[in-house]
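Asks: The listed protein sequences correspond, in order, to chains U and H. Everything in the first sequence is counted per the working numbering, starting at 1 for the first residue and increasing by one. Everything in the second sequence is counted per the working numbering, starting at 1 for the first residue and increasing by one.
Please keep in mind that the hints were generated in silico from the structure rather than gathered at the bench. C-beta: ideal position from N, C-alpha, C; glycine also. Fair warning: there could be bad hints in the mix.
[Stated by the list, open to error] Restraint-style ranges between C-beta atoms, simulated for each label pair:
hint	chain 1	residue 1	chain 2	residue 2	range
1	U	D241	H	T68	22 to 32 Å
2	U	A223	H	L83	32 to 42 Å
3	H	E122	U	R258	53 to 63 Å
4	H	D67	U	R236	30 to 40 Å
5	H	E122	U	D241	44 to 54 Å
6	U	A255	H	D67	31 to 41 Å
Listed here are the chains, written in short residue letters.
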Amino acid sequence: MNAPDAPLVAAKDFKSDTKPVWCPGCGDYSVLAAITKALATLGLKPENVAVVSGIGCSSRIPAYTSCYGFHGVHGRALPVATGLKAARPDLTVLVASGDGDGYSIGGNHFLHACRRNVDLTYIVMDNHVYGMTKGQPSPTTEPDWSSKLAPGGTGLKEFHPLVIALASGANFIARAFTGDPNGCAALIEQAVRHPGFSFIEVLSPCVTFRPEQRGWKTQVHAAPVAPTDDPGRAARRLMTDDGFNIGVLYQGHRAPYRLGNAASQTVEALECQFQL
Amino acid sequence: MARAYAMELEAHERYAQFAEQLDTHNNREVAELFRKLSHIESLHAKRILEEMRWPSMPALPPAYAWDTAEGPETALPDAVHYLMQPWHALEIALRCELQAQQYFEGIAAGEAPPGVRKAALEMADEEREHVRLVRDWMRRVPQPEAGWDEDPDPPRTTE
Chain U
1 MNAPDAPLVA AKDFKSDTKP VWCPGCGDYS VLAAITKALA TLGLKPENVA VVSGIGCSSR
61 IPAYTSCYGF HGVHGRALPV ATGLKAARPD LTVLVASGDG DGYSIGGNHF LHACRRNVDL
121 TYIVMDNHVY GMTKGQPSPT TEPDWSSKLA PGGTGLKEFH PLVIALASGA NFIARAFTGD
181 PNGCAALIEQ AVRHPGFSFI EVLSPCVTFR PEQRGWKTQV HAAPVAPTDD PGRAARRLMT
241 DDGFNIGVLY QGHRAPYRLG NAASQTVEAL ECQFQL
Chain H
1 MARAYAMELE AHERYAQFAE QLDTHNNREV AELFRKLSHI ESLHAKRILE EMRWPSMPAL
61 PPAYAWDTAE GPETALPDAV HYLMQPWHAL EIALRCELQA QQYFEGIAAG EAPPGVRKAA
121 LEMADEEREH VRLVRDWMRR VPQPEAGWDE DPDPPRTTE
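Chain U extracted, bound-state conformation:
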């Protein structure tokens, strides 16, 4: 019997020497493992990948990879990644964020990144809480989640990121769960392969401030139907979704945005126009 073929680059080659400082049992460890596995499976090399993030527990990921990385400003990972991809379309660009960073502080950038459909993979680790800043409710927190910082709950309806992504033009929409790191890796791999803006919502339990989320492992289930390319059908599915459907939920066919014109002038020539 022959041994299964080993990929040219192994998952461990995408890990840096910096050790993660997340809480033991945090879902984000699985996302890191899934990203490194997916990149190895795709046959990429660390020097051809960039990981861009904003602020929050999830946004620590670039430092834990051996790829190029940019740990940016709160909520601003997507514009940085968009600029990078526009300037260096040869790079595979992943963007890491959380529900606070991505849907609140960076909410506006989320809408327009979906609309622009630049070829990026946006991975949002959603734990329904601001974990790094000690447990404030986030846009995806349930209205009745009571805590010391929000006694009785916020009473505010949750943000529905997958529906927003679809309405804004995202070309690939999926949901993953950190309790299934292999499944998560497979979804990231598919997202990277799919042209255009790919969005993966990853249910990533916060074991410190939302310990009850350990129970998600009993709630998640494979999406009961195959992914659709019909936005209307996808909208109906996502609007009635229970929040625990795992898998690819929408795969569109929009052509990704590419810069139409190459630079026609040198930087030096442009500078001349501004001389006083």
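Let chain U serve as the given structure and place chain H on it in line with the hints.
Replies: Using the frame of chain U, we list chain H on its own:
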């Protein structure tokens, strides 16, 4: 045997991940125990390679689909706690070894070709021996007292 290899390798990786997590949170004793468990699983994986005469360590095949999210010998990613004690780590290992034993027993009792069933029986015997070893190990470490996870000064608090 490729499945058995994948299972051992996945368990090795998860224990190594746990060791790193507990190191970061200065729980050295449990980190060291997870490192030992990780090493033991890597030896099991290596032995499969030698028995199969595979020339080198192949990476974990990406397409392995278990009945569960991960291999039966892989601990759940959220199984650890920063205040956990060696007994808890061994409790995790025991659960994993029992699951592995049941997995191979299931294959042996199924409708796989005779050669596969024979190999599965051998693997089940091996996992049964691991269960015995972990139980022995558990008898040598103190059982945690009630309230082991209570921290009067938790590292992360909303106060």
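Asks: If a hint holds in the structure, say so; if it doesn't, say that too.
Replies: Verification of the hints:
Remark: the range hint 22 to 32 Å for D241 (chain U) to T68 (chain H) is upheld by a beta-carbon distance near 24 Å. Range check, A223 (chain U) to L83 (chain H): Cβ separation about 37 Å, and the 32 to 42 Å hint holds. At roughly 56 Å, the beta-carbon separation of E122 (chain H) and R258 (chain U) lies within the given 53 to 63 Å, and the hint holds. For the pair D67 (chain H) and R236 (chain U), the supplied restraint of 30 to 40 Å holds, since their beta-carbon distance comes to about 31 Å.
For the pair E122 (chain H) and D241 (chain U), the supplied restraint of 44 to 54 Å holds, since their beta-carbon distance comes to about 45 Å. Range check, A255 (chain U) to D67 (chain H): about 40 Å between beta-carbon atoms, so the 31 to 41 Å window is met.
Going through the hint list in order, the structure satisfies each hint without exception.
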